[in-house]
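Put together the whole structure using the sequences plus the hints.
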Amino acid sequence: MDGFDERAQRAESYRIKVADEKLEFRDFHVEDPKPLGRQVLAAAGVRPVEEYSLFAILPDGDFEDVRLDETFDLRGRGAERFVLFRTDRDFKFEIDGKHLMWGKPVISGTVLRRLADIQPGYDLYLEVRGGQDVKVLDGDVIRLDGPGIERFVTVIKDTTEGLSALPPADTEFLRNNGIAYEVVAHGGQAGVVLRDFPLPPGRYDRERADILVQLPAGYPDACPDMFFADPWVRFPDGRTPLNTDVQEVFAGRTWQRWSRHSQEWRPGIDGLRTMVARIRHALEVSK
1 MDGFDERAQR AESYRIKVAD EKLEFRDFHV EDPKPLGRQV LAAAGVRPVE EYSLFAILPD
61 GDFEDVRLDE TFDLRGRGAE RFVLFRTDRD FKFEIDGKHL MWGKPVISGT VLRRLADIQP
121 GYDLYLEVRG GQDVKVLDGD VIRLDGPGIE RFVTVIKDTT EGLSALPPAD TEFLRNNGIA
181 YEVVAHGGQA GVVLRDFPLP PGRYDRERAD ILVQLPAGYP DACPDMFFAD PWVRFPDGRT
241 PLNTDVQEVF AGRTWQRWSR HSQEWRPGID GLRTMVARIR HALEVSK
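Going by full-length UniProt numbering, the sequence shown opens with residue 1, and the numbers climb by one from there.
It is possible that part of the hints are untrue.
To be verified - Only pairs whose alpha carbons sit at most 30 angstroms apart, straight line, appear in this in silico DSS-like list of lysine-lysine: (1) Lys17 - Lys98; (2) Lys22 - Lys34; (3) Lys92 - Lys34; (4) Lys98 - Lys22; (5) Lys34 - Lys104; (6) Lys92 - Lys135; (7) Lys34 - Lys17; (8) Lys135 - Lys98; (9) Lys92 - Lys22; (10) Lys34 - Lys98; (11) Lys104 - Lys135; (12) Lys22 - Lys135; (13) Lys104 - Lys17; (14) Lys17 - Lys92; (15) Lys92 - Lys104; (16) Lys104 - Lys22.
If you're looking for bench data, these hints aren't it; they were derived computationally from the structure.
Written as structure tokens, this is what we have:
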């Protein structure tokens, strides 16, 4: 590791793990239970400490800047993890809405996956504003010094029968928008129920209904088709909206099928955010 002193003094009280920009961790020890940032850097053997930036990696994966004369409490935490950089500038970016910082203007796909703790079975994409998101491979190198904050999202590669969890981008969207949901399955197909979903005010005979979106094999790369409501939704005069008079049984419930089709879908970009927008539009314009 560049800058580390193999003969850095080893104290016995508190063990810390310190990594460089390649995220290669090594064990060091400090005697002070609340060391300053400069003490952590000194324990790691780097000189001069004023030329380095130090970050603590928190349990949730976020980074916390530790300044040279700022203390960091190690008590009751176990082996704390830090990452250091020989730099005078920090570069901010996001992965699935999580704010992270890096001390170099470039970062590799491998390090990004490590930072976000991306599990096998998920792909990583760089969001492209107004364009097609770009898949990030392990060996790719991404620049972080452009205008604005670079944003990355993870997308599950494939779904299987009995899907029990949504891709992180979907759960983040639903949570941020206060939409309660439940993942269900029927006959080997997965679906997500948007519970107590609000309908356009005054347009129907009820204010809310559960909305089902069936998730096809290969979602989120594959496009969902149609949506379903329970209880049935009618206009105040009792009329049923066009192409909503067929019932479908799914996950032990009988649903009103809303036959609204679109195969326009952008793998790596579209997801439940897209489907919810389409559902809201259909509910607003149906006749």
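Tested hints:
no.	hint	verdict
1	Lys17 - Lys98	holds, 22 angstroms
2	Lys22 - Lys34	holds, 26 angstroms
3	Lys92 - Lys34	holds, 27 angstroms
4	Lys98 - Lys22	holds, 20 angstroms
5	Lys34 - Lys104	holds, 27 angstroms
6	Lys92 - Lys135	holds, 20 angstroms
7	Lys34 - Lys17	holds, 15 angstroms
8	Lys135 - Lys98	holds, 18 angstroms
9	Lys92 - Lys22	holds, 17 angstroms
10	Lys34 - Lys98	holds, 27 angstroms
11	Lys104 - Lys135	holds, 21 angstroms
12	Lys22 - Lys135	holds, 21 angstroms
13	Lys104 - Lys17	holds, 20 angstroms
14	Lys17 - Lys92	holds, 22 angstroms
15	Lys92 - Lys104	holds, 10 angstroms
16	Lys104 - Lys22	holds, 11 angstroms
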